[in-house]
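> Given next are the chains, with one letter for each unit.
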Amino acid sequence: MPVRQYIEAIHDGLSAEMAADDRVFVLGEDVGVRGGVFRVTSGLFEQFGEARVVDTPLAESAIVGVAIGAAAVGMRPVAEIQFADFILPAMNQIVSEAAKMRYRSNGDWSCPLVVRAPYGGGIHGALYHSQSVEALFAHVPGLKIATPATPADAKGMLRAAIRDPDPVLFFEHKKLYRLLKEDVPDEDYIVPLGKAAVRRQGDDITVISYGYVLHLVLEAADRLASEGITTEVLDLRTLRPLDEEAILSAARKTGKVLIVHEDNKVAGVGAEVSAMIAEKALFDLDAPIARLAGPEVPAMPFAPPLERAYLLDVEKVTNAMRELARF
Amino acid sequence: MPDVKMPQLGESVTEGTVGQWFKKVGDPVAQYEPLLEVVTDKVTAEVPSDFDGVLQEICVQEGDTVSVGTVLCRVATPSDRTAQVPAHVSDVSVQTQPQENEAAKSGANVPQSSSEGAVTQPAPRPSGRFSPAVLSLAEEHHVDLADVTGSGEGGRITRKDVLVYLEHRQSHATATTEVKPDTARGVQSPPPTRPTSPSTGLPERRTESADADVEVVEATAIRKTIARRMVDSKHNAPHAWTMVEADVTRLAQFRDTAKVDFKRREGVDLTYLPFFIKAAVEALKRFPEVNASWVDGQIHYKKRVHISIAVATDAGLAVPVIHDADSLSIAGLAHRINELAAKARSGRLTVDDVQGGTFTVNNTGAFGSVLSQPIINAPQAAILSCESVVKRPVVVDDAIAIRSMVNLCMSLDHRVLDGWVAGQFLQAVRERLCSFGAETVLY
Numbered sequence: 000m001p002v003r004q005y006i007e008a009i010h011d012g013l014s015a016e017m018a019a020d021d022r023v024f025v026l027g028e029d030v031g032v033r034g035g036v037f038r039v040t041s042g043l044f045e046q047f048g049e050a051r052v053v054d055t056p057l058a059e060s061a062i063v064g065v066a067i068g069a070a071a072v073g074m075r076p077v078a079e080i081q082f083a084d085f086i087l088p089a090m091n092q093i094v095s096e097a098a099k100m101r102y103r104s105n106g107d108w109s110c111p112l113v114v115r116a117p118y119g120g121g122i123h124g125a126l127y128h129s130q131s132v133e134a135l136f137a138h139v140p141g142l143k144i145a146t147p148a149t150p151a152d153a154k155g156m157l158r159a160a161i162r163d164p165d166p167v168l169f170f171e172h173k174k175l176y177r178l179l180k181e182d183v184p185d186e187d188y189i190v191p192l193g194k195a196a197v198r199r200q201g202d203d204i205t206v207i208s209y210g211y212v213l214h215l216v217l218e219a220a221d222r223l224a225s226e227g228i229t230t231e232v233l234d235l236r237t238l239r240p241l242d243e244e245a246i247l248s249a250a251r252k253t254g255k256v257l258i259v260h261e262d263n264k265v266a267g268v269g270a271e272v273s274a275m276i277a278e279k280a281l282f283d284l285d286a287p288i289a290r291l292a293g294p295e296v297p298a299m300p301f302a303p304p305l306e307r308a309y310l311l312d313v314e315k316v317t318n319a320m321r322e323l324a325r326f
Numbered sequence: 000m001p002d003v004k005m006p007q008l009g010e011s012v013t014e015g016t017v018g019q020w021f022k023k024v025g026d027p028v029a030q031y032e033p034l035l036e037v038v039t040d041k042v043t044a045e046v047p048s049d050f051d052g053v054l055q056e057i058c059v060q061e062g063d064t065v066s067v068g069t070v071l072c073r074v075a076t077p078s079d080r081t082a083q084v085p086a087h088v089s090d091v092s093v094q095t096q097p098q099e100n101e102a103a104k105s106g107a108n109v110p111q112s113s114s115e116g117a118v119t120q121p122a123p124r125p126s127g128r129f130s131p132a133v134l135s136l137a138e139e140h141h142v143d144l145a146d147v148t149g150s151g152e153g154g155r156i157t158r159k160d161v162l163v164y165l166e167h168r169q170s171h172a173t174a175t176t177e178v179k180p181d182t183a184r185g186v187q188s189p190p191p192t193r194p195t196s197p198s199t200g201l202p203e204r205r206t207e208s209a210d211a212d213v214e215v216v217e218a219t220a221i222r223k224t225i226a227r228r229m230v231d232s233k234h235n236a237p238h239a240w241t242m243v244e245a246d247v248t249r250l251a252q253f254r255d256t257a258k259v260d261f262k263r264r265e266g267v268d269l270t271y272l273p274f275f276i277k278a279a280v281e282a283l284k285r286f287p288e289v290n291a292s293w294v295d296g297q298i299h300y301k302k303r304v305h306i307s308i309a310v311a312t313d314a315g316l317a318v319p320v321i322h323d324a325d326s327l328s329i330a331g332l333a334h335r336i337n338e339l340a341a342k343a344r345s346g347r348l349t350v351d352d353v354q355g356g357t358f359t360v361n362n363t364g365a366f367g368s369v370l371s372q373p374i375i376n377a378p379q380a381a382i383l384s385c386e387s388v389v390k391r392p393v394v395v396d397d398a399i400a401i402r403s404m405v406n407l408c409m410s411l412d413h414r415v416l417d418g419w420v421a422g423q424f425l426q427a428v429r430e431r432l433c434s435f436g437a438e439t440v441l442y
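If you read the sequences in order, they're chains F and P. Numbering that gives the first Met the number 0 puts the first sequence at residues 0 to 326. Numbering that gives the first Met the number 0 puts the second sequence at residues 0 to 442.
Calculated directly from the structure, the hints in this document are not laboratory data. For each residue, glycine too, the CB sits at the ideal point set by N, CA and C. Treat each hint with caution, since some may be false.
Claimed, not checked - Facing chain F, according to a computed beta carbon distance under 10 Å, are these residues of chain P, among others:
#1 131
#2 151
#3 219
#4 347
With these hints in hand, go ahead and build the complete structure from the sequences.
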């Protein structure tokens, strides 16, 4: 199995789906000749030509709008939003059109659309290149939201997203792009959407996370293991629909749950996970459900010390986990 | 065993006299049954028992006057667990004697609870607040939570505590079916994973892992790098150490007069460090043997002078390099130091910024040190610490004068350098420092 970076795995998944299905095409700002600002679509323009790798104007609403139209007539568009921060001009298209297409047409029409967007901070991107926007969409019925945390998941989930008959938002944590390498299968495989993954087994506390910070959690769990604290770590992978069975089972295993995400806390994904556990697993809880998340400030600061203060790190995660273990 | 204490029978009442005991030691008493009569200057009242039990001990005899809160007697209760409930001698029924009608008025609304009659407990017991998981498990497995030792915060019974208890109960149950009755003393032993301290009987927390008083933290990557480099240097380079003191009174006076103007003109502070570096650089030019490295049995003499400086940052120690420091004026050095320190503190140092140092000047005076034994920044041959500039009485021309003095400490790699050269080098640094004064040109 070849060792691939997270970003290469996404490129490979995209390329494989385009090769396998003529209906799949890519559109977005600078995805063609330039190969994407992060180089995710590098080489696709040369391989598949300008009809299937389409450079668009700087108009996110148009990118997604065009993709919805193409999806409606049977294409499989993969739209790239250069940074998740810029997805907001396309919010109306995604929420009011893509998410409602199947419902509104009583199942006559569907919208097999993928919107890819790099999100998250820690790369000195400041206000407009660091946001986590997943919670804004997690509220919307009719959407699926994928947030893979590993290269193999990124490839497998992207292929699943492209084959999905309904709109999928595919959020790629940009800090992971070149941070992680692992064995990624060459063969045709998918990682199904809506399925969480247990990343580590333990019986003192359960930590539920996703995206980049999942790796902080795993590192913290390693540290705590030397203190005799064992951690069950669940990677949500898909934020909508949430894998209820896996969440409840992980929560029940230890009765002590900490939810960790980079996005801010209020009305975030952690709130939904927490409410689900409170509704369905109250009598298995041994401690108040805890959340560790970004602060309630409007944006990621630019100054490096402030950016560090904003972001979670292994220290903060370890402390929160240790505190829960001691309760 | 709960105590019964003298109740406060009125707002300003501070003491009471035991009028009559209705019970003797050994008598059974029922809850709410009067134990004794108490007489105060305002009322006469009966003190009831709060518990079912047996009067165990009478502490205050009839006719004695004691202050509110004094233990009057002790009642042995049938169950240990009752003893954990704080004993209130509340609801004192005040029976007014007919001739003391007036006093009754003030007394009637008084009977607040006496001070708490709780027996001091040897161990903190669960508060009675249990998590849903603990309650569910206890219900499912018919566990009396009073039998379970809590290991959580404040002695809280955790879900794991119940599971451990169940496991122990189960293994004990299977064991006793095979074991003869005379070995049943095993019942008394606590579960092996929850050892208790012999002195207090309290459960020891996390005894199976690290000492609870010690927080174990994995060193950061930068910390580990510092550690490795320090160990390597101390291990490989035989450190010799020497110190001279320099009279920098003229420099101190000059700096005092120049610094405000300098700051206004240049935008950076004029510290002592650029002077120290200037002096060191010039001394290195005179004694190039010091600007060297020991490399596998060879000595590499460095033709260019790149000065490493230590900068403390939140993340740890950073050691950026002033390249070709011999080509910079004092003002130029001040700017370069300021720039590198700012980059170090904001984590923006590049690889070039930290590479190639040939000699280190360490500004330990910045944190008030007057003497230090620096570890050589390997593979350099020596490191110079410039300590705090302090005013001291010193002998000048057989008179005692107050002078601004600074200690210059140097660690050297004795493979490369001997004391003779190092000493001459330090003398050169000192001479240069002493020569700075009003006529010094900063540019």
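> For each hint, tell me whether it holds in the structure or not.
Results for each hint:
Below 10 Å, beta-carbon pairs count as interface contacts, and residue 131 of chain P has one with chain F at about 5 Å; its hint therefore holds. The beta carbon of residue 151 of chain P comes within 6 Å of a beta carbon in chain F, closer than 10 Å, and the hint placing it at the interface holds. Hint status for residue 219 of chain P: holds, given a least beta-carbon distance of 9 Å to chain F, under 10 Å. Of the supplied interface hints, the one on residue 347 of chain P holds, with its beta-carbon coming within about 7 Å of a beta-carbon of chain F, less than 10 Å.
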